[in-house]
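Q: Residue numbers (numbering that gives the first Met the number 0), protein chains in the order written: chain A, 0 to 550; chain B, 0 to 130.
Please note that a few of the clues may not be correct.
What the hints assert, rightly or not - For lysine-lysine, the following DSS-like pairs were computed, each having C-alpha atoms within a straight-line distance of at most 27 Å:
#1 A:LYS474 - B:LYS127
#2 A:LYS421 - A:LYS122
#3 B:LYS101 - A:LYS477
#4 A:LYS136 - A:LYS149
#5 A:LYS35 - A:LYS7
#6 A:LYS498 - A:LYS477
#7 B:LYS101 - A:LYS122
#8 A:LYS122 - B:LYS74
#9 B:LYS74 - A:LYS477
#10 A:LYS122 - B:LYS127
#11 A:LYS224 - A:LYS149
Keep in mind that the hints were calculated from the coordinates and are not lab data.
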Amino acid sequence: MRKGKIDKWMEGYRESLEKRPERKKVFTTRSGIPIKPIYTSEDLNDFDDEKKLGLPSEYPYTRGIYPSMYRGRIWTKRLLVGLQSPETFNIRQKDMLRTGQNGINFVPCNSYFRGYDSDTVDKVLLGRCGTTVDSLKDMEIAFDGIPLDKVSLAMNDFGPYMMVASLIAMAEEGGIPISRLQGTTNQSDFISHYISCNQPIRFELDGHLRILTDHVKYCTEHMPKWHPISVVGQHMQQAGANPVQALAFTLSTGIFYVDTFIKAGLDVDDFAPRFSFFFDISGDLFEEVAKFRAARRMWASIMRNRFGAKNPQSCLLKFHAQTSGTELTQQQPLNNIVRSSLHTLSAILGGAQSIHTDAFDEPLWIPSEKSQRVAIMTQNIIAEETGVADVIDPMGGSYFVESLTNEVEKRAWDYINTIDKKGGMFEAAKEGFVQREIADSSFGYQKEVDGGNRTVVGLNKYTVEDQEEAPEQLKVDKELIERQINRTKSLREKRNQKKADNAMKDLRNAALDPGRNLFEAVIDAVKADVTHGEIVRKLRDVYGFGRPLLT
Amino acid sequence: MQNIRVLLTKIGFDGHDRGVKIVASALRDAGMEVIYTGPWQTAEEVTEIALQEDVDVIGISTLGYDHVLIPGLMKLCKEKNITDTLMIVGGIIPPDEVPALKAAGVAEIFPPGTRMDSIVEFVRKNLKREV
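Kindly produce the complete structure, drawing on both the sequences and the hints.
A: Written as structure tokens, this is what we have:
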């Protein structure tokens with residue numbers, strides 16, 4: 000379209016505002032990017048679509064990493080499941096697999112996060128936010144009857160990765176070559192925890208870096224279908240980072256890990272193809288799509304230009320996405336179904352490889368069977384009733400979304416440059432820079448909501464007196480918790496103690512010897528029925544007890 | 000006039016601190032002195048800090064079911080004679096578990112979505128001793 004014609008239209012638009020002003024003084028995205036009334040070909044004047052977009056499966060992968068995307072295969076429906084005991088997990092997980100879920104996303108109990116066995120903590124805390132896991136035995140019960148080589152397994156596991164070590168032991172026991180296991184060590188990125196939520200920080204940071212590096216080395220060598228690293232922006236965005244910050248901090252974290260593994264002697268093209276990412280999805284639908292598209296383009300460029308990757312597989316940004324929990328409300332909880340559906344749609348329009356959809360009762364308690372059923376059906380409906388999965392990158396070429404993708408990218412590079420100048424992500428996290436940036440964003444967002452400048456339906460607008468009745472709450476079965484505690488106690492009594500002692504001694508030796516692979520020693524300990532709590536305690540003795548940075 | 004002194008803390012296993020950091024900023028903006036302990040504190044540690052710092056308010060943030068430890072903490076407070084301190088809780092508490100916390104002596108519970116000024120106002124109006 001001619002520029003003159005667009006200019007004339009804009010002139011008319013401005014004149015019309017005198018009579019009918021706009022709803023707001025300024026329109027901005029969640030990250031503060033100003034939004035114009037309309038985008039036209041003028042906004043993409045110098046846009047080289049061949050260079051900036053390419054085609055699906057072609058550099059820079061803006062339009063998607065696979066040739067056929069969802070026309071070939073729908074994203075992996077990977078909803079978090081974690082509750083009570085391994086027995087309950089097994090029942091819920093099988094129900095989810097029957098109703099459409101095709102990727103497991105296993106959440107352990109908070110006691111596991113902190114590295115304590117069930118029989119060593121106050122039992123009122125057990126099984127409330129995830130499944131109790133202390134030993135290989137628990138993992139066997141949790142996965143009983145689930146074919147390990149047929150379904151993609153994401154473990155929300157943290158250094159020293161005892162859940163993944165257990166899967167390896169179980170596969171070997173069942174005669175399945177571990178090279179066939181596919182899945183992700185979903186929470187291996189300890190930097191994101193250190194910055195955002197603290198919870199699984201068990202050791203001082205250098206200890207976490209050591210075990211992660213060894214885990215990546217092990218999986219690179221033995222598990223070609225496994226993703227040992229998932230670089231997580233989700234925690235940061237849930238902690239309050241805006242989408243641009245979350246994108247930049249995630250890619251900076253990725254850069255740090257690539258640097259680290261290269262220094263550890265690995266070839267970039269050996270390990271980078273097994274990198275994966277994990278992003279949050281806010282309610283800003285277009286900005287999230289732009290974030291995902293920009294993420295692919297930026298990572299491809301980082302891998303090719305910064306690290307000189309030759310293997311095209313090294314340049315692919317594969318990602319899991321999770322709908323926002325912090326944006327759900329306790330008020331009128333059924334409204335959360337709508338929110339989570341729209342967040343899910345963003346991830347699909349953004350080309351996600353796997354998606355978790357929040358259950359509507361998450362601001363109240365862990366999901367009930369009913370709410371989790373709605374969440375999986377949400378994905379089934381979007382996948383098979385709406386047609387959005389029938390075309391690749393439907394937003395590609397949109398004047399607005401392409402402009403926004405460019406702007407998100409530009410602002411994210413600025414942040415990455417700032418972090419580079421601070422010595423990289425590890426240093427920026429240790430110094431507290433990233434934490435302060437996130438806290439500022441989070442407080443700013445709170446002020447917007449409190450001040451009524453940002454609508455949260457049912458909370459600060461359209462409030463109602465007659466709240467719907469709260470949906471059913473899942474109650475913890477105390478008997479199952481007792482059974483868990485007794486199982487762990489009895490495991491310690493009945494195991495071959497000499498074997499367990501030797502494995503623990505060897506674990507300590509491996510931790511002290513940088514020449515050995517520590518993750519191998521963890522696998523051996525798991526096989527000798529050493530419990531998770533015992534493994535973490537041994538490693539805390541060597542690496543120190545990790546504490547958060549209070550900024 | 001002295002400033003109101005507030006101890007913010009997290010007990011149990013949960014580490015998520017977005018909420019408690021926001022509350023800390025809001026209370027500081029309102030002129031209060033805030034001490035934030037970080038996560039994973041025991042009841043013993045919380046009461047020790049409360050006594051050492053002579054705080055007027057103890058605020059507990061809980062998002063991961065750690066609120067089940069609060070009655071124990073309240074009991075310890077009584078044993079240690081921390082009785083003129085205002086106890087408040089913020090975070091995710093299933094609605095039918097609220098009465099037990101109130102019965103244990105928690106003055107108010109602020110769920111997700113609470114306005115920051117309502118916490119400031121509540122603290123100012125409900126202090127249990129002169130500041």
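Q: If a hint holds in the structure, say so; if it does not, say that too.
A: Hints and how they fare:
1. Among the hinted pairs, LYS474 (chain A) with LYS127 (chain B) is inconsistent with the structure: their alpha-carbon atoms are about 35 Å apart, more than 27 Å.
2. With a C-alpha separation of about 44 Å, the suggested pair LYS421 (chain A) and LYS122 (chain A) falls outside the 27 Å cut-off, and the hint is violated.
3. Pair hint LYS101 (chain B) plus LYS477 (chain A) holds up; C-alpha atoms about 24 Å apart against a cutoff of 27 Å.
4. A hinted pair counts as satisfied when its Cα atoms are at most 27 Å apart, and LYS136 (chain A) with LYS149 (chain A) qualifies at roughly 21 Å.
5. For the proposed pair LYS35 (chain A) and LYS7 (chain A), the alpha carbon gap of about 15 Å is at most 27 Å, so the pair holds.
6. A C-alpha spacing of about 33 Å is found between LYS498 (chain A) and LYS477 (chain A), which places the hinted pair above 27 Å, so the restraint is violated.
7. This hinted pair checks out: LYS101 (chain B) and LYS122 (chain A) have alpha carbons roughly 22 Å apart, not beyond 27 Å.
8. Proximity of LYS122 (chain A) to LYS74 (chain B) is assessed by CA-CA distance (about 18 Å); at most 27 Å being required, the pair is judged to hold.
9. For the hint pairing LYS74 (chain B) with LYS477 (chain A), the CA-to-CA distance comes to about 24 Å; that is within 27 Å, so the pair holds.
10. A C-alpha spacing of about 33 Å is found between LYS122 (chain A) and LYS127 (chain B), which places the hinted pair above 27 Å, so the restraint is violated.
11. Proposed proximity of LYS224 (chain A) and LYS149 (chain A) is supported: the alpha carbons are some 12 Å apart, at most 27 Å.
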